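K.L.:
First to last, the sequence lines map onto chains W and L. Each residue of the first sequence is one higher than the one before, starting from 1 at the first, in my numbering. Each residue of the second sequence is one higher than the one before, starting from 1001 at the first, in my numbering.
FYI, nobody ran anything at the bench for these hints, they're computed from the structure. Quantities reported herein were computed from a predicted structural model and do not represent experimental measurements. All C-beta atoms, glycine included, are put in the ideal place defined by N, C-alpha and C. Heads up, a few of these hints could be off.
Partner residues aside, some chain W positions facing chain L, computed with beta carbon under 8 Å [said to hold, decoys possible]:
1. M259
2. V563
3. M584
4. A629
Dumping the calculated DSS-like pairs for lysine-lysine here, alpha-carbon to alpha-carbon at most 27 Å [claimed, not checked]:
5. W:K273 x L:K1273
6. L:K1618 x W:K150
7. W:K273 x L:K1531
8. L:K1531 x L:K1460
9. L:K1257 x W:K273
Number of protein chains: 2
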Amino acid sequence: MGESWSFLDTAESNFRPLVVIELAKGTKEETIEWFTKRIVDKKADGGAQLLIKPLVTENGVENIYLVGASHLRLLLGAETVGLVKECSDNSMRTFTYSSRKTFKHFADDNHDFLTMAECQYIIKHELENLRAKNEKIIPGYPQAKLYPGKSIVRRLLTSGILVQIFPLHDREELKKLSHSWYGRVKVGYQPLDDIRCYFGETIALYFGFLEYFTFALIPMAVIGIPYYVFAWEDYDKYVMFATFNLLWSTVILEVWKRMCAILTYRWGTLLMKRQFEEPRPGFHGVLGINPVTGREEPVYSSIKRQLRIYLVSLPFVCLCLYFSLYVMMIYFDLEQWALDYHKENESNFSSLMLYVPSIIYAIVIEIMNRIYRYAAEFLTSWENHRLESSYQNHLILKVLVFNFLNCFASLFYIAFVLFDMKLLRQSLATLLITSQILNQFAESLLPYWLQKRYNRRMKKRMCSRKTDTDLSVAEQVNMEKEMGTYLGTFDDYLELFLQFGYVSLFSCVYPLAAVFAVLNNITEIYSDALKMCRVYKRPFAEPTASIGVWQLAFETMSVISVVTNCILIGMSPEVDALFPDSKMDLVLTVALVEHLLLAIKFIMAFVIPDKPREIQMKLAKLEFESLEALKQQVRAFQMQFHFLLIHH
Amino acid sequence: MGESWSFLDTAESNFRPLVVIELAKGTKEETIEWFTKRIVDKKADGGAQLLIKPLVTENGVENIYLVGASHLRLLLGAETVGLVKECSDNSMRTFTYSSRKTFKHFADDNHDFLTMAECQYIIKHELENLRAKNEKIIPGYPQAKLYPGKSIVRRLLTSGILVQIFPLHDREELKKLSHSWYGRVKVGYQPLDDIRCYFGETIALYFGFLEYFTFALIPMAVIGIPYYVFAWEDYDKYVMFATFNLLWSTVILEVWKRMCAILTYRWGTLLMKRQFEEPRPGFHGVLGINPVTGREEPVYSSIKRQLRIYLVSLPFVCLCLYFSLYVMMIYFDLEQWALDYHKENESNFSSLMLYVPSIIYAIVIEIMNRIYRYAAEFLTSWENHRLESSYQNHLILKVLVFNFLNCFASLFYIAFVLFDMKLLRQSLATLLITSQILNQFAESLLPYWLQKRYNRRMKKRMCSRKTDTDLSVAEQVNMEKEMGTYLGTFDDYLELFLQFGYVSLFSCVYPLAAVFAVLNNITEIYSDALKMCRVYKRPFAEPTASIGVWQLAFETMSVISVVTNCILIGMSPEVDALFPDSKMDLVLTVALVEHLLLAIKFIMAFVIPDKPREIQMKLAKLEFESLEALKQQVRAFQMQFHFLLIHH
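Please model the entire structure based on the sequences and the hints provided.
P.N.:
Here is the structure:
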């Protein structure tokens, strides 16, 4: 425990710190001893067989530990988690230690075969799968109960002994990545493969989607500009724009699935087998037998959960929706008041005042969204879902419904109750722009500024003549452990989802929305990149094969936008003028067009294959090979029975 | 070759004839010798390792062969095809020979462990997978080319040397089955498990669906009867009926998925792994390398196929659709003529004449459907699809689009162009009832009558004092080989699909349709059962896990029916009267209700899980076990490297 870090660094060149474990201050010695022993214990004895070292700083021992693993251990771990890597023949295959020689860039001394993010993911997986054997409690903490098979790390986390586990940044790599990512002003794609190597697939896929979505919006933006510049208000031009928008939004969502398949095939996650889902850390219940695994673990009755969902969560969400509508009505009162004020005292100030209610309302919407977010998290966690995926689905559903109503209810009201297209355009513009500014500020710039101030203070405290890359491990760990934790891509996707709503729901009224969206997304790429590289702790890589439920959310939004746009076009005075005799004909025509567009959308979604032909072929080839291998096995087995068969 | 059958029957009690192979008359001796040798050859030598005996009748050798297999061979074959059977602990598992003892009812001397249908399926699979080794041609037929890996049986079939392969009936079992199925008039379910054992999963699933669908229609029929009896014409009652119908049709389709999962789980096909699809027998092309398998096999350019589809098939289908609409217009002329005639000479005869055009039109529709069916088959086969599934999908799409338009175009025209609800009701009733009568006649009664006449002649020729079950194998084979071939469930599902259209598309105009559908389906069950047991050759069992594309077809129909019913209700004079001031409000309300119903439908489809919780748990358990087994394997492997790890 007394060795200094410089010694360890040189003497054990093998040990590369990958993951940091921070225990609570004052954790009992016996607990630490037991925990570190379990981590280094051999697999055969139920340990994780990893390497662990205490971090010794100038202030002495701080209950911070660095975890690493030998190269061989990491390779075996890669097999356990089912990593898919590229073979020498350019096909993607599940890595196994015995077939390691067939993989591209594999050499026994090539320690870069696994990326650092992969190594950290493997270590996280091994730590999380370190399970209690016969321990009934965590030594030293009799109130922290264990049962055979319970993940030790999860219990340590829930009982507060373990403060956090996080992967270390690689200052060298990070510098390279941030330079090529956002360091220089350039026109071009993001280094998605590098991002994936450093941050893992989930985050790389988000940035891939953000980039793709921005490019996809450009045609809409380009077509939208002349509408603003020349103040086109003709009916046929609007219809053209809206129709283009609707078909385009279907196409881009379908094409994204193909792009996503290409990316995740290259990254290997498209082929990765789903791991069996363990209960989420917060899940609690009485000990019982899990009917699926047959193991003893906490069991929570599904009926109780249903009751919580339908008797508490559902009414609460409805109440929030009602409250949101109530706030909206206040906004319309304010709007009316501003209008009256403007009429009474016609001045520059009063015309500026016209925008104030919208801006205030946009800010209030953002605040309500954020508060609701916390409430939704609390409620969903209280619903006590067993699996993380089920928790996520319930959370996303709650948040999406509320945010959709909160953001768009006023616009729907203006469009379909007040029939005020001018107000709709003004309101849409104010909401969109205000929310974009607020988001950029709250998400990236504010944390960046706070982080920068903190870093300056930290450096002052330490002897700070060094640059970032020269920091000792101890200094690096101390700096990074204070950084904020990146909570996943949820908020980022949600922002894009709402933006997609602003752009597509009322596209025929405000073609300029796409322009603002493109501009916002370009800065968003930079600020999100900055956020990932400078503001937050490095997140653990998370393999993923798609953007999951967000695909469905975006598709639903594009279906809703067909309906709203058709109604808006039908309501425009130019279209009205086309049917001077009968409003009936107008409505019937609009309804017919809407149904046709919806039918075309569904047919297009059905006809465009989700995976490009090339990827389909590669997948078919892999499937064929595995079936052949199985057949070979059966055949080999049958050969052995050959003798039996003859004499039967 | 000279041994008589009675000798073989007693001496080789082991040999049970399962499958009949009929070669063309005058097939060369050398070909027969080579083919039978390949069939009996050992697996290790590339043979099928089956048993084969020539069938000797009074007329001497007729190039008919009986194929069987030893019990052990069948068990090994069950492993090859991946059969899933029930274990002693009631779970379903993929059968392997090494784990055979763990399966329910398994005993080395229990020859009923595999059902006869399964044995025949295994033999069919083994015969189809009997592949050419180094043969370049079929011996004796230089024009019948072979290449390594080509299925011999498929080449023999396509070059006309092999006339047919069919499984033998089991007279004993068939008698039992037909007695419990349709032999006595009873109220109750069909013996689906017995049907599955005898005819395989695809056919059992069709009968399961037919039965389920009939039961599901009963509530609609019950609610529909009072509308007819009391001649209810109130607006609110129609709306209630239509709304109930729409939601009900969604519910029954969702619940069917669950029922289907329960059935196929019990039958093991839900868990059965998909086999790699070989090219369909009719597929041809120049020899090339298949990029997926790397094998040499016929390759046909995808572009050529696309050209055939878009430049020939698509215009042809459009032409047929146009022709169908043309015929429809002739029908309306006839209708007008009949009406005029009735007005001129008001008599009983003339009022009967009113129904004649509809009846003629219904008959013409049926004839056109059947002719088109042949054309579609020819065209799809000419498109030269590589896989049977792709062929089927293109065929089904072609047939569905045409049949839908052909059957319903006149009804749509009457409803939405002529606005004649009385004619719609009359037309719908005539079409529905006529098509049902024609179908029952053409599908079952006619073939049954022909078959019966033929059987009588056959029996007269043979010494015919025996009953069916006492027939010798030779007599049985000779009788069965002349029976018609059952061409799959396509036509049966299509009939149900069109019936579903008649019932749901215009349900609010003619509530009695469901009653006729129920009556038809009850007789349909009996006539289809009769057809399967008495008219056709026994078909090979075909494992399947769902009704496939038909689920989608039925769901699409139920979406279309939401639209048509909403329009119909909106058009009714009673609803009109509710909005005396503004037709606009009426149309808007109808549109709103329609969108709400569609939204409810989609949400219901999304919320109702496709598999019952119980099945989900069982599947999760199996998945967990296989993942655990994999983990164990990896762990065992890692143990071996334990030594290495320490010294690394």
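K.L.:
Evaluate each hint against the coordinates.
P.N.:
How the hints compare with the structure:
The interface hint given for M259 of chain W is violated, since its Cβ lies 22 Å from the closest Cβ of chain L, which is over the 8 Å cut-off. The interface hint given for V563 of chain W holds, since its Cβ lies 7 Å from the closest Cβ of chain L, which is under the 8 Å cut-off. Among the interface hints, the one on M584 of chain W holds; its C-beta lies about 5 Å from the nearest C-beta in chain L, closer than the 8 Å criterion. Interface hint status for A629 of chain W: violated, as the beta-carbon distance to the closest one in chain L is roughly 12 Å, over 8 Å.
A threshold of 27 Å between alpha carbons decides the hint, and for K273 of chain W with K1273 of chain L the separation of about 16 Å falls inside it, so the pair holds. The suggested pairing of K1618 of chain L with K150 of chain W holds, with an alpha-carbon distance near 23 Å, which does not exceed 27 Å. A threshold of 27 Å between alpha carbons decides the hint, and for K273 of chain W with K1531 of chain L the separation of about 46 Å lies outside it, so the pair is violated. A distance of roughly 23 Å separates the Cα atoms of K1531 of chain L and K1460 of chain L; the hinted pair therefore holds under the 27 Å criterion.
A C-alpha spacing of about 26 Å is found between K1257 of chain L and K273 of chain W, which places the hinted pair at or below 27 Å, so the restraint holds.
Comparing the model with each earlier hint shows violations of hints 1, 4 and 7; every other hint is respected.
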